[in-house]
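Protein chains: 4
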Amino acid sequence: MKKLLPRYSDKEMAIIWSEEGKYGRWNKIEVAVLRARIPIEGLNLSVPRNLEKKIRVVPAEVDKIEKDITKHDVIAYLMCVSPQLPEELRPHYHRELTSMVPCDTALFMQLRDSTELLITRVKDLMHAIRTRAFEYKYTAMIGRSHGVHAEPLTFGVELANYYDELNRQLDRLRKIKKSISVGKMSNAVGMFDFDPEIEENACKRLGLKPIIASQIISRDLIAEYMVLLAIIGGSVAKIGIKIRLSQQTEIREIQEFFDKNQRGSSAMPHKRNPIGSENITGMARVLRGYALTGMENQDTWHERDIANSGPERIIIPDASILLSYMLKRMTSIVSKMLVYPKRMQKNLQLTKGLIFSQSVQSLLAEKSDLPREDAYGIIKDIAQRCWDTGRDFKKVLLKNKLVRKYLSEEDILSRFNLENKLESVDYIFEKVFRKR
Amino acid sequence: MKKLLPRYSDKEMAIIWSEEGKYGRWNKIEVAVLRARIPIEGLNLSVPRNLEKKIRVVPAEVDKIEKDITKHDVIAYLMCVSPQLPEELRPHYHRELTSMVPCDTALFMQLRDSTELLITRVKDLMHAIRTRAFEYKYTAMIGRSHGVHAEPLTFGVELANYYDELNRQLDRLRKIKKSISVGKMSNAVGMFDFDPEIEENACKRLGLKPIIASQIISRDLIAEYMVLLAIIGGSVAKIGIKIRLSQQTEIREIQEFFDKNQRGSSAMPHKRNPIGSENITGMARVLRGYALTGMENQDTWHERDIANSGPERIIIPDASILLSYMLKRMTSIVSKMLVYPKRMQKNLQLTKGLIFSQSVQSLLAEKSDLPREDAYGIIKDIAQRCWDTGRDFKKVLLKNKLVRKYLSEEDILSRFNLENKLESVDYIFEKVFRKR
Amino acid sequence: MKKLLPRYSDKEMAIIWSEEGKYGRWNKIEVAVLRARIPIEGLNLSVPRNLEKKIRVVPAEVDKIEKDITKHDVIAYLMCVSPQLPEELRPHYHRELTSMVPCDTALFMQLRDSTELLITRVKDLMHAIRTRAFEYKYTAMIGRSHGVHAEPLTFGVELANYYDELNRQLDRLRKIKKSISVGKMSNAVGMFDFDPEIEENACKRLGLKPIIASQIISRDLIAEYMVLLAIIGGSVAKIGIKIRLSQQTEIREIQEFFDKNQRGSSAMPHKRNPIGSENITGMARVLRGYALTGMENQDTWHERDIANSGPERIIIPDASILLSYMLKRMTSIVSKMLVYPKRMQKNLQLTKGLIFSQSVQSLLAEKSDLPREDAYGIIKDIAQRCWDTGRDFKKVLLKNKLVRKYLSEEDILSRFNLENKLESVDYIFEKVFRKR
Amino acid sequence: MKKLLPRYSDKEMAIIWSEEGKYGRWNKIEVAVLRARIPIEGLNLSVPRNLEKKIRVVPAEVDKIEKDITKHDVIAYLMCVSPQLPEELRPHYHRELTSMVPCDTALFMQLRDSTELLITRVKDLMHAIRTRAFEYKYTAMIGRSHGVHAEPLTFGVELANYYDELNRQLDRLRKIKKSISVGKMSNAVGMFDFDPEIEENACKRLGLKPIIASQIISRDLIAEYMVLLAIIGGSVAKIGIKIRLSQQTEIREIQEFFDKNQRGSSAMPHKRNPIGSENITGMARVLRGYALTGMENQDTWHERDIANSGPERIIIPDASILLSYMLKRMTSIVSKMLVYPKRMQKNLQLTKGLIFSQSVQSLLAEKSDLPREDAYGIIKDIAQRCWDTGRDFKKVLLKNKLVRKYLSEEDILSRFNLENKLESVDYIFEKVFRKR
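From first to last, the protein sequence lines are chains A, B, C and D. Position one of the first sequence corresponds to residue 29 (the numbering used here), numbered consecutively onward. Position one of the second sequence corresponds to residue 29 (the numbering used here), numbered consecutively onward. Position one of the third sequence corresponds to residue 29 (the numbering used here), numbered consecutively onward. Position one of the fourth sequence corresponds to residue 29 (the numbering used here), numbered consecutively onward.
Among the hints, erroneous ones may be present.
Unchecked claim - A few chain B residues that face chain A, going by a derived Cβ cut-off under 8 Å, partial list only:
1) Ser74
2) Gly175
3) Ala178
4) Glu179
5) Lys205
6) Lys206
7) Ser207
8) Pro224
9) Asp248
10) Glu252
11) Ser263
12) Met323
13) Asp327
14) Arg332
15) Asp333
16) Ser390
Don't read these hints as lab results, they were simulated from the structure. Even for Gly, the Cβ is constructed at its ideal location relative to N, Cα and C.
Excised from the complex, chain A in its bound form:
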């Protein structure tokens, strides 16, 4: 298959999607069918142990035969393999099979193995997040909605949220791994042309379940795989956006690790930029593009057409390798990111107490006879004036006659309490991390 840009590659994943990876699976499939046939068809043959591993297929040789002679890849493959087989097996290897038997089954084996590797990659990222989450479990920071200060939480809680989301992605990968572990040996138009038990038996040998199919396995399964990759990419990108936002010069709560010899800019020596997170944000867009193509590929005429084939050669390996790369890179970013709790502390105080406005307003509503609406209005007026003038919210409240009609000094002071706001941290961590 194809090589994604080396700079965005992941070796282990690239191996799964390599030509060698493909032919190795073809060997396995052809030999599995052969082994299945012997008892079922009562053939008097013996298949050497590990035959599938002993067959050597050099992609360049297959290519050459395809180009020079057969113009057909499966037949070229067979011409490479045949001389390596015990003579008695030659007429039976691939006998009466259509190309799609090795091709489509191998593709789904690759999808399964790719999913397996992505599971590992997601777990690694989750592990990195978990470690940092416990490190900053109680590190207070301001929560932001719309980019504007809302109420406090802890950085650990934010990370726990990402962990929980990735945990859902892990579940999705596990589910799809199961549904995608299928093989298809039912030949030209899905009518078998031999005892269907051979399919069942051969699939079992390969760790697959047989699937009812036309000439090809229906592409709803591949569409599902492609969009899942895009959705996982979206989750990873969300973490990247968080880091980008947090590394802004005015916020500076988090910084991507920056190597001593690294340069942020060829022109501006002072620059250190969150380029890893930016890259990942962008790559999620590429995955969405591939997902779209994957969905369009569901469109199939009758028992098959080949319009899906070319696109799949591009999008499936590229998306798999790209997501694997993104997950690895984000794991490294999270593990090494610099976190600045002091800055978080400082930012918490930036609005001089306004982030407790809701607490004050609740108490006012409770202690006064005022309708909730009016209590809200009073606090809103004060709070927004403080925002504009930069005055200290607590001090202004203490001096405000209307407020003081209902709230004592003690009342007011009690509401500016960071600890209270963070009381549920243990509960959240218990919920999120207990699971595994």
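Fit chains B, C and D to the given chain A structure using the hints.
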């Protein structure tokens, strides 16, 4: 929320996504939280039975209050509800909750109920397909790959394939229904501000599971929902494409039911077109567009931003209603479509035996000492000449000296056997329909 | 056609895409063909002045006839119109025309008029930007790349950039308006069935150019329209993202206007959020989804299929109305946004001079014999230490022996010059605004 | 940059997007800036003739320096180039420029050159279509809407339609080539840091127009390029779909050229499939995915972020190469496709005259006093009965008493006239091909 074009709507689904549907769920959520609080916070209050159902919310009234007074929908809603409550409950209804508690939880309840309805719609379509599948279980027709005649199968087998694919969609809907049945009462930035047990208790009352969240529930879940709808749409469209292809004038194996008074064309009186299937093909494209937006919405700043909100008001109801409409329409199309077995029979004979070329070639390879390649070449030459000249393949084979060197008349005749090709029908039906 | 969610609508645009808008254009087209025929076919008929405006078509009546009698919209329309015509014209109105003559031609007239309105909307936004640009022409602020402070520019220059980009969008709209102003009267499969001169004449009367077509006008034109809307949406969203970033609590250089009675949050009285800009960011995602569907609709079988039709009823009006709404809303946001030059000034100083690191480094490279690389390395080390410690860059430089070996105090001081950095403002304004 | 799968590549286009192609353009840009500076800044330097062509940059060497030393590609490039320069030029080459000066300007030069090549490819395809169009100018065939026989046209007219559509694509390419021929030397945040005249002068030397920009040129231009490629892909795919439909066994009006040694299927020797057209249909889906990513890349933070960069390294070269490949392949398919006029003739007669139903109905409406509706109803009943029974439409009409009340034998016979239907062929050819 919004109304999709009436002509593409589905009433039951539209009700779920109506304003009334939304406010009804808000009532349920607010009352559930209230009930949860009483024992946990030790309040001395009693909530009337079925309170949630007794509260009447008229969308137009809420809208008016929002426009004229509050500029905020949740507060406008509360102003409608409050006077209807027993006096002692008024200060406690929605106390200390953020808007997202009813808003996001209700959205996920709608998603759950929408999924439930889609499950019914998919089942109805499956049922229609199953009925027609058994009707045409043994009805032979030509299988086509690339639009070109390949080998025979039965129309029942084709339908069984669609059934099996929809069965996978059903599984996906069931899985997502489970993961999407979540509620969130953890307030402004997910830190609760009250005993988290209240969330657990209230969610239980609503048939939901609590979910760790920031201000909003993470949008990976909605992205997953949106792409699933698009992928289901892709499966339905595939059936539509099959019908469109089969209704072509030259093929005419299937025809969409055409009402007596219906007109195919304002100009051409002879026309009957597969417009239902064409419409469904197109609508799948719309669903893919919505899915894309759903995926982009995963991008969230910190604890939330509101960029996802406007798009969701459009895409979620529209996609849900549209898919529901597509499923219903396809159910009707499949139930009523006219199938022409005689035409299928005629088309089977169109290539005058060429569809058995593989069978002949296999036997030639087996009986001769020729390498598979050479046997293939001999038959290919004959077959393609027959294709071009329109001559009868069997007759030509019988007269061909090279072929006859290896194959007897009996051999050749034995390969033109439709029955053999259809031997696995029972096995396929058993596999596909046994499940349920 | 359809109504988008009222909250995201634009009345003027909605009128173009209303049912009334459609039937009004049908009248014009049918009458234009009639007028064209008289001289060309030598008919002895006279068409009353302004006939097209006198015909009244009530959509609900057409719908009723379609539902109860004809099941065909064009014929239902004709039944409404016919009794209103002078008797001699009745047999000639729509004579020998296929439905696509009024339908497709009217659609392209709507597209043209929609484009015309979008041109106005873009111009309005440009005008708003231009006004603010001149207001802040020399207002210095920090330029940011990767969210990190880079070098200074002025807010006026930023706005000039947006203006220039919208100017390109304007050009695109003008070009597409020209290519989309086409009409098609060539009947069932594009073979006319009458003198093609009638098409030319009728199109001229409608301000359209005839286009060679099959049963329908090729959908490449609609795809082009749909993606252009999405790309314009992308430009508008970019301004929204700028505002969102600038309204972050830590940055606070810009703030969306916030109405006195508006509420930022039902819970947190202190909140003022950039919800307009967020909404627009999100809506650009919806436009991209529609664009995708528009591109998929290019796929047409032979002379036409109807798969594009249903999607077009949804995506074309919705996208047009949505973009028009976005443009209007952004015009209002830009016109009313609060800009804080003092805060910009303050943020400029946040890194204590580091934003001049490039200037210093250039001079060092020039004055020393050091290779550029080494000069860069020296300044980078100093700059990044300052970044981490918060020390004043200028002071540190003045004390640094290595630097002072090559640079005098005067040299160093000369590089911390904001004015120098802003020297090209006039040139940029000249280039951007001179054009119009 | 990257290599697309070799099997879907186009050498000439790949060269434009190669690493060598990139560095060659960097040379040109750097030297152009240098030359521009000399008179404007009054430097006493001389630049050797063709210096830009004499500088040798070996990508692998740059890579090595980047990896081992600089971690920055532009600086690595400069280290390769510097020793090759006359000593006096070394301090001035790239002096005070940011990386984006060569990087972004070179990217837009590549885009321009890529567009230029695509123009050639589109022209080649148009030329092939034109040739075949004149070959089959008067070759009658049935026009089809919804896949169902409609009315006759000629194959030449169909091809003329494709030609006309590609002509629009050509216009779009020419327009975009103009808008994309831009260069940007305005440095870090678009404020120049030197005399803007240098940019004007250097751009002129490169055949570019200067563009107002931030750190990067705004990505609306690249989005426009990416979607244009997708829309062109859609037009090419539409031709592919036509061929696929026409090669269906039951239709067989067109066949992709099939090489003697080619194999349609490893299993079925009789198969010849339209795999080129299928491949192109699929690849258009990939282009739509890339286009989507291109549109998402418009989203930029402040003066720039780098999220667009990684995706662009993938999607721009891949899409350019892929479309170029598609155009070349379709040119070959169109040039070599086998067309079967006899089969077209046979298919025209398949419905035994029903394709003239509109003509008969028009005459009936004209000659009788019957309302159009009733005339339509009479012919519709007859036509659809003929459709179902396979009877000859003309014969049935001649025997139908109701019809014969109004129409003479001569009347009826006159309507079954293929020639009449094709009268506008010359007009259409004149309109389409006269242009060039």
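Going through the hints against the structure:
The restraint placing Ser74/B at the interface with chain A is violated, with a minimum CB-CB distance near 21 Å, outside the 8 Å limit. Checking Gly175/B against chain A: minimum C-beta separation of about 6 Å stays under 8 Å; hint holds. At a threshold of 8 Å, the smallest CB-CB gap from Ala178/B to chain A is about 5 Å, leaving the interface hint in force. Among the interface hints, the one on Glu179/B holds; its C-beta lies about 5 Å from the nearest C-beta in chain A, closer than the 8 Å criterion.
Checking Lys205/B against chain A by beta carbon gives a least distance of about 13 Å; that is not within 8 Å, so the hint is violated. Annotation: Lys206/B was flagged as interfacial toward chain A, and the flag is violated, the nearest CB pair being 10 Å apart, outside 8 Å. Hint status for Ser207/B relative to chain A: holds, with the closest Cβ pair at about 7 Å, below 8 Å. For Pro224/B, the suggested interface contact is upheld, since its CB lies about 5 Å from the closest CB of chain A, less than 8 Å.
Here the hint on Asp248/B is kept, as its CB sits about 6 Å from the closest CB of chain A, short of 8 Å. Hint status for Glu252/B relative to chain A: holds, with the closest Cβ pair at about 6 Å, below 8 Å. With a least beta-carbon distance of about 6 Å to chain A, the hint placing Ser263/B at the interface is held under the 8 Å criterion. The closest approach between the C-beta of Met323/B and any C-beta of chain A is roughly 5 Å, which is under the 8 Å cut-off, so the hint is satisfied.
Restraint check, Asp327/B versus chain A: the minimum CB separation of about 6 Å is within 8 Å; hint holds. Using the Cβ-Cβ criterion of 8 Å, the hint placing Arg332/B at the interface with chain A is satisfied: the shortest such distance is roughly 5 Å. Interface hint status for Asp333/B: upheld, as the beta-carbon distance to the closest one in chain A is roughly 5 Å, under 8 Å. Given hint, Ser390/B at the interface with chain A, holds; its Cβ is 6 Å from that chain's nearest Cβ, closer than 8 Å.
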